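Trainee: Spelled out from the first residue to the last, the chains are:
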Amino acid sequence: MRRIHTRNLLLALVISATLFIPASAQRLINTDVKNSPVKLTLPVKDGSVRFAAIGDTGSGSSAQREVGTTMAQYHAVFPFEFVLMMGDNMYGGEAPKDFEKKFSGPYKALLDYKVKFYASLGNHDQALQTNYTNFNMNGKEYYRFKKGNVAFYALNSNYMDKKQVAWLESELAKDTSEWKVCFFHHPPYSSAKSHGSDSQLREVVEPIFIKYGVNVVLTGHDHVYERIKPQKGIYYFVSGAGGKLRAGDIKDASPITEKSYDRDLHFMLFEVSGDQMYFQAISRTGQTIDSGIIARAKKREG
Amino acid sequence: MKLQKCCKYLCVVVCALLSTSAVAQNNQALAPPAVISAADKTTIQTFEKQVKEYVDLRNKVKENAPKLSKDSTPEQIHAYRTALEQSLRSARAGAKRGELFRPETADYIRRTLKIEFQGKDRQQLRETIFETETQGVVLRVNHPYAQTAEFSEMPATLLAKLPQLPKEVRYRFVGRNMLLVDRESNVIIDYMPEALP
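Sequence order for the protein chains is A and B.
So that you can map any letter, position 117 of the first sequence is 117 in the working numbering, and since no number is skipped, the others follow by simple counting.
So that you can map any letter, position 80 of the second sequence is 80 in the working numbering, and since no number is skipped, the others follow by simple counting.
Derived from the structure by calculation, the hints contain no laboratory data.
Possibly wrong hints are sitting among the right ones.
[Stated by the list, open to error] Here are the computed lysine to any residue pairs in the SDA-like style, where the Cα-Cα straight-line distance is at most 25 Å:
(1) Lys-116/A with Leu-125/B
(2) Lys-163/A with Glu-75/B
(3) Lys-229/A with Lys-163/A
(4) Lys-116/A with Lys-232/A
(5) Lys-101/A with His-78/B
(6) Lys-162/A with Lys-52/B
(7) Lys-162/A with Asn-59/B
(8) Lys-140/A with Val-169/B
(9) Lys-39/A with Arg-263/A
(10) Lys-97/A with His-143/B
(11) Lys-60/B with Ala-91/B
(12) Lys-101/A with Thr-82/B
(13) Lys-193/A with Leu-125/B
(14) Lys-163/A with Pro-163/B
(15) Lys-97/A with Lys-108/A
(16) Lys-162/A with Gly-136/B
(17) Lys-161/B with Thr-132/B
(18) Lys-244/A with Pro-66/B
(19) Lys-60/B with Glu-75/B
(20) Lys-97/A with Gln-50/B
(21) Lys-140/A with Glu-48/B
(22) Lys-244/A with Tyr-118/A
(23) Lys-97/A with Asp-71/B
(24) Lys-244/A with Ala-149/B
(25) Lys-67/B with Asp-98/A
(26) Lys-96/B with Ile-115/B
(27) Lys-101/A with Gly-136/B
(28) Lys-101/A with Ala-83/B
(29) Lys-162/A with Ile-115/B
(30) Lys-163/A with Thr-82/B
(31) Lys-97/A with Lys-244/A
(32) Lys-108/A with Asn-134/A
(33) Lys-70/B with Asp-112/A
(34) Lys-41/B with Ala-166/A
(35) Lys-162/A with Gln-50/B
(36) Lys-45/A with Arg-296/A
(37) Lys-39/A with Lys-114/A
(38) Lys-232/A with Trp-167/A
(39) Lys-161/B with Asp-71/B
As the structure is a prediction and not an experimental result, all values here were calculated from the model.
Sequences and hints are given; from them, build the entire structure.
Mentor: Structure, rendered in structure tokens:
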């Protein structure tokens, strides 16, 4: 059980109490951010793997900082252990002051709570981010780590060369984890007008994902939220508005969209318990924009 | 009962076939050009040798830069990058365009890219490369790639067809131009204009 900081104890108790009130009667709780309602849809089960995900964050804008504040508020009621970053961790310069402005400042509260961030690289990121202590990349552009029954694969979709493809295939081939989650920058599927689906990347990685039973893929690049209809048994999310937004960028009536949101910045929360993965997408102001449960498919034969 | 067993076997066979076809498709996407002439093989080998010589040089001058651990602070990263960039630039002072992308290498790469751009994904390839905002990048050998500019995504299918590079060196596109860039310092090692059709 994670120790809750005294400063947030009262807030956590009040909010936790509201979780047991029927949704219809639930009141929105205002916290530090003006008009920020904290409404958790995740079950917070004992022993579950809990994490957050953010993409395209590093603008250093006040809106990015507000997302960081809202994440910290949700952390008080949903103590996630780590955060996945889907790239574009820093736009523009990468001088020491930029790291503060675009990363350690906006997420200070989470860093203070010892929440770990695991980064992947986007098209705006310099290679040496791999050596930044708070990105936990261990000097590598692609890497794997495991939490409970979930294996996480950070990939560098900006430079998917043969070496990386071979590494991914060999790691997945020996991976016996119940859940396999890949996170990287460019979306194999996206309904955004700006970039859209990266079919070149998809052509190379999707057969590997299918072959080795990857369950969930988290990406960014398009500055919107989109949950893609399951493609060949895989759940794809585009979560690329952690610090930059392209309002109105989602194509109308895209056949691959299950749910989308392009009106504000957002982040995501996940909880994995046994064969179920719960997810919640939350706007900068704390509104739930999507939520649901993914049931783990049985391993494919052959 | 027999029918059930048959169906089961059929399912397994279909799954196996599907899986094989998926992997075959993957392998096809990453396969090198089908036929490489003896002359092209020599060209590729020469290019790879020159790249290796560059890497040997950069690893030697890297010794002048402060050591960078896997859990560095922003200040340490900045100091390392700056020192590496300066050391590399002075070690290669006077480097000129075309020293690695020699005419025969450039010709091979242009032909390879042209073939790739004739495929069904031509439009998607173009969009992937040309949507990149590279304003501020000055095409100049031995000068750094502007830190404020983004990197073009290098499509996996293209990378598979180009001569393979060691981890210290990267291909990049800036518009139709192709660059060879040092991965850590972002110093432009060489570039070839109008590489893309």
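Trainee: Are the hints correct? Go through all of them and say.
Mentor: Checked hints:
1. Lys-116/A with Leu-125/B: 36 Å, violated
2. Lys-163/A with Glu-75/B: At roughly 30 Å apart (the allowed maximum being 25 Å), Glu-75/B and Lys-163/A break the hint.
3. Lys-229/A with Lys-163/A: 30 Å, violated
4. Lys-116/A with Lys-232/A: 32 Å, violated
5. Lys-101/A with His-78/B: 15 Å, holds
6. Lys-162/A with Lys-52/B: 18 Å, holds
7. Lys-162/A with Asn-59/B: Since the Cα atoms of Lys-162/A and Asn-59/B sit roughly 23 Å apart, the hinted pair holds (cutoff 25 Å).
8. Lys-140/A with Val-169/B: 15 Å, holds
9. Lys-39/A with Arg-263/A: 19 Å, holds
10. Lys-97/A with His-143/B: 23 Å, holds
11. Lys-60/B with Ala-91/B: Holds: Lys-60/B and Ala-91/B sit about 10 Å apart, inside 25 Å.
12. Lys-101/A with Thr-82/B: Holds - the C-alpha atoms of Thr-82/B and Lys-101/A are around 20 Å apart, at most 25 Å.
13. Lys-193/A with Leu-125/B: 16 Å, holds
14. Lys-163/A with Pro-163/B: 13 Å, holds
15. Lys-97/A with Lys-108/A: Distance ~14 Å between Lys-97/A and Lys-108/A Cα, so the pair holds.
16. Lys-162/A with Gly-136/B: Violated, at about 30 Å.
17. Lys-161/B with Thr-132/B: 21 Å, holds
18. Lys-244/A with Pro-66/B: 34 Å, violated
19. Lys-60/B with Glu-75/B: 23 Å, holds
20. Lys-97/A with Gln-50/B: 37 Å, violated
21. Lys-140/A with Glu-48/B: 23 Å, holds
22. Lys-244/A with Tyr-118/A: Roughly 19 Å between the alpha carbons, so the hint for Lys-244/A and Tyr-118/A holds.
23. Lys-97/A with Asp-71/B: Given pair Lys-97/A, Asp-71/B holds - Cα atoms ~18 Å apart, limit 25 Å.
24. Lys-244/A with Ala-149/B: 16 Å, holds
25. Lys-67/B with Asp-98/A: 22 Å, holds
26. Lys-96/B with Ile-115/B: 28 Å, violated
27. Lys-101/A with Gly-136/B: 22 Å, holds
28. Lys-101/A with Ala-83/B: 24 Å, holds
29. Lys-162/A with Ile-115/B: 19 Å, holds
30. Lys-163/A with Thr-82/B: 28 Å, violated
31. Lys-97/A with Lys-244/A: 19 Å, holds
32. Lys-108/A with Asn-134/A: 11 Å, holds
33. Lys-70/B with Asp-112/A: 21 Å, holds
34. Lys-41/B with Ala-166/A: Distance ~23 Å between Lys-41/B and Ala-166/A Cα, so the pair holds.
35. Lys-162/A with Gln-50/B: Between Lys-162/A and Gln-50/B the Cα gap is close to 20 Å, so the pair holds against 25 Å.
36. Lys-45/A with Arg-296/A: Roughly 17 Å separates the two Cα atoms, so the pair holds.
37. Lys-39/A with Lys-114/A: Roughly 23 Å between the alpha carbons, so the hint for Lys-39/A and Lys-114/A holds.
38. Lys-232/A with Trp-167/A: 23 Å, holds
39. Lys-161/B with Asp-71/B: 35 Å, violated
Taken one by one, the earlier hints fail for this structure at numbers 1, 2, 3, 4, 16, 18, 20, 26, 30, 39, listed in ascending order.
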